[in-house]
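Given the sequences, and given the hints that come with them, work out the whole structure.
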Amino acid sequence: MTADAVETVRIAFQSLEREDWPALADLISPVSLKEIQDMQIEMLVAMQQIPPDVPEPPRRGGSLVAVAIPSSEDEVGYGSTRIRLMPGAPTVNELRALSPADFFVQWQQACHRMTFVVRAVGWIAGLFRKERGEQASPTVVGAVLEGDDLAHIVYRRSGLMHPWERRTLTVRRDGDRWGLMLSRYGGLSDPFREGEAWLMMRRVAPRFFWAALKSWRPWRR
Amino acid sequence: MNGSPTEVVATAFSALESEDWSRLAELTHPDALAEYRSHQIAFLLAWAEYLSKDESVRGGGFGSSGEIKPELLARFADQELDWVPEHPAIGELAALSPKDFFARWMRAGYRERPLASRRLPVIPRQILGVVLESERLAHVVYRGMEWMPGEAIHVMSLSRADGDWLLMQNMETLKSPRLPTPGREP
Chain G
440 MTADAVETVR IAFQSLERED WPALADLISP VSLKEIQDMQ IEMLVAMQQI PPDVPEPPRR
500 GGSLVAVAIP SSEDEVGYGS TRIRLMPGAP TVNELRALSP ADFFVQWQQA CHRMTFVVRA
560 VGWIAGLFRK ERGEQASPTV VGAVLEGDDL AHIVYRRSGL MHPWERRTLT VRRDGDRWGL
620 MLSRYGGLSD PFREGEAWLM MRRVAPRFFW AALKSWRPWR R
Chain S
79 MNGSPTEVVA TAFSALESED WSRLAELTHP DALAEYRSHQ IAFLLAWAEY LSKDESVRGG
139 GFGSSGEIKP ELLARFADQE LDWVPEHPAI GELAALSPKD FFARWMRAGY RERPLASRRL
199 PVIPRQILGV VLESERLAHV VYRGMEWMPG EAIHVMSLSR ADGDWLLMQN METLKSPRLP
259 TPGREP
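Each protein sequence line maps, in turn, to chains G and S.
Quick note: the first sequence uses this note's numbering, first residue 440, plus one each step.
Quick note: the second sequence uses this note's numbering, first residue 79, plus one each step.
To be clear, the hints were calculated from the coordinates, so they are not data collected in a lab.
All of these numbers come straight from a predicted model, not from anything done at the bench.
Quick reminder that beta carbons are idealized off the backbone N, C-alpha and C, glycines included.
Check before you lean on any hint, since a few could be wrong.
Stated by the list, open to error - Covered by chain S, according to a simulated footprint, are these stretches of chain G (three or more residues, beta-carbon under 8 Å):
| id | stretch |
| --- | --- |
| 1 | 477-486 |
| 2 | 590-602 |
Said to hold, decoys possible - Non-contacting residues of chain G with respect to chain S, defined by C-beta distances greater than 12 Å in every case (computed):
| id | residue |
| --- | --- |
| 3 | GLU458 |
| 4 | VAL470 |
| 5 | PRO526 |
| 6 | ASN532 |
| 7 | ALA540 |
| 8 | GLN545 |
What the hints assert, rightly or not - Cβ-Cβ distance ranges computed for the label pairs, FRET-style:
| id | chain 1 | residue 1 | chain 2 | residue 2 | range |
| --- | --- | --- | --- | --- | --- |
| 9 | G | VAL580 | S | PRO163 | 38 to 46 Å |
| 10 | G | GLY527 | S | PRO163 | 55 to 63 Å |
| 11 | G | SER597 | S | PRO163 | 35 to 43 Å |
| 12 | G | GLY527 | S | GLU211 | 42 to 50 Å |
| 13 | S | SER212 | G | ALA442 | 17 to 25 Å |
| 14 | S | SER134 | G | GLU633 | 51 to 59 Å |
| 15 | S | VAL135 | G | ASP613 | 54 to 62 Å |
| 16 | G | ILE489 | S | GLY137 | 19 to 27 Å |
| 17 | G | THR530 | S | SER130 | 47 to 55 Å |
| 18 | S | ARG153 | G | ALA462 | 21 to 29 Å |
Quick look at the structure:
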């Protein structure tokens, strides 16, 4: 039983490395896929609402990106809004109509699409200056079972603060299949959700460039 | 020998719940204690330096590398932290042993945000099992609170020192007092 759960996570790590999103979607629990679809459509709507104009750079702290995540009720009003961050700029209603697995595939494609501006910002921020070997694929170090249908897989990954730090992924058995339970909130412990940061960066990177340019203003020096 | 990894973590969780910070410090690995002290003091010094600058030049925030800079410690050692119990000066905290600093700063962090005063329901930590990665490294898996409402699975790693399993701590358990900044009280 443990071997099947561990194998599910191992294959998922391989799928992630190959960016084989349909194969990865097939390894995620249907419950989790649905939660991700619901949560991420709201996040995409929120990101879409970031206004294109750029305020003066804050002098006393604060953020250039301040958005409210709409509630599901509010989101109804956004049905015909086109989400330009997603492939083909579908409307919110079209995203809702997708199966959770199809949404996940398209969303991951959007998360991992690197534009020139994102690469430039990432390079400036030092995100790509990694030590050799630091980008190694996550590896499973063990598993803890909780009852017959839940397993918590402990794994090692690169990029954490301490060499001894480990993370967990939970897999749940539905019938004879194990499926990954991904956190609906994402976060550091979940390598399958790292692309979300790139998606947000793609949305805000031009604003940072423009804000930096405005604050530079050589003609005022 | 102080017990198996799960026994040590269970004792540590009891110490957390009863706010026995000295006991928790005893169960924490010396490397983790030293790192906590170093990071916290360095952050306090970065904060003090930030506040000392004129508003027009200090920018929007501050941070530290986690290493205590002697020149900053010399400059801000006498700065009192009047929102922390007993109003210690930064130099006084920096002079504490890692174990004593850990107990005092954790107490201050948890007193500021006691679990009982949160509006969210408290989910007791529940140990689920352990993965022994080597003779010197173990990972206890437990269920606890998520950073957003809800529950989450966490890992508490332990390392062996002189035969005893000791906690390396994690972000779920470590706390520290918030620092006041202009326009935001702690």
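A quick look at each hint next to the structure:
1. Counting residues of the stretch 477-486 of chain G whose beta carbon lies closer than 8 Å to any beta carbon of chain S gives 0, which falls short of the minimum of three for the stated coverage.
2. Remark: the stretch 590-602 of chain G is confirmed as covered by chain S, as 3 of its residues place a Cβ nearer than 8 Å to a Cβ of that chain, reaching the required three.
3. The Cβ of GLU458 of chain G sits about 26 Å from the closest Cβ of chain S, beyond the 12 Å cut-off, so the non-interface label holds.
4. Every beta carbon of chain S lies more than 12 Å from that of VAL470 of chain G, the smallest distance being close to 14 Å; the non-interface claim holds.
5. With a closest Cβ-Cβ approach of about 28 Å to chain S, PRO526 of chain G is found to remain outside the 12 Å limit, as its non-interface label requires.
6. At roughly 27 Å, the least C-beta separation between ASN532 of chain G and chain S is larger than 12 Å, which holds for a residue marked as non-interface.
7. Against chain S, the non-interface label of ALA540 of chain G holds: every CB pair exceeds 12 Å, the least being about 24 Å.
8. With a closest Cβ-Cβ approach of about 25 Å to chain S, GLN545 of chain G is found to remain outside the 12 Å limit, as its non-interface label requires.
9. Evaluation of the 38 to 46 Å hint for VAL580 of chain G and PRO163 of chain S yields a pass: the beta carbon distance comes to about 41 Å.
10. Range check, GLY527 of chain G to PRO163 of chain S: about 58 Å between beta-carbon atoms, so the 55 to 63 Å window is met.
11. The given range of 35 to 43 Å is respected by SER597 of chain G and PRO163 of chain S, whose C-beta atoms sit roughly 40 Å from each other.
12. Distance hint check: the CB atoms of GLY527 of chain G and GLU211 of chain S are about 45 Å apart, consistent with the given range 42 to 50 Å.
13. Here the CB-CB span from SER212 of chain S to ALA442 of chain G is close to 21 Å, well matched to the stated 17 to 25 Å.
14. Here the CB-CB span from SER134 of chain S to GLU633 of chain G is close to 38 Å, at odds with the stated 51 to 59 Å.
15. Taking the beta carbon of each, VAL135 of chain S and ASP613 of chain G are about 58 Å apart, inside 54 to 62 Å as hinted.
16. Judged by the Cβ atoms, the range 19 to 27 Å given for ILE489 of chain G and GLY137 of chain S holds: they are separated by roughly 23 Å.
17. Range check, THR530 of chain G to SER130 of chain S: about 53 Å between beta-carbon atoms, so the 47 to 55 Å window is met.
18. The hinted range of 21 to 29 Å is not satisfied by ARG153 of chain S and ALA462 of chain G, whose Cβ atoms lie roughly 57 Å apart.
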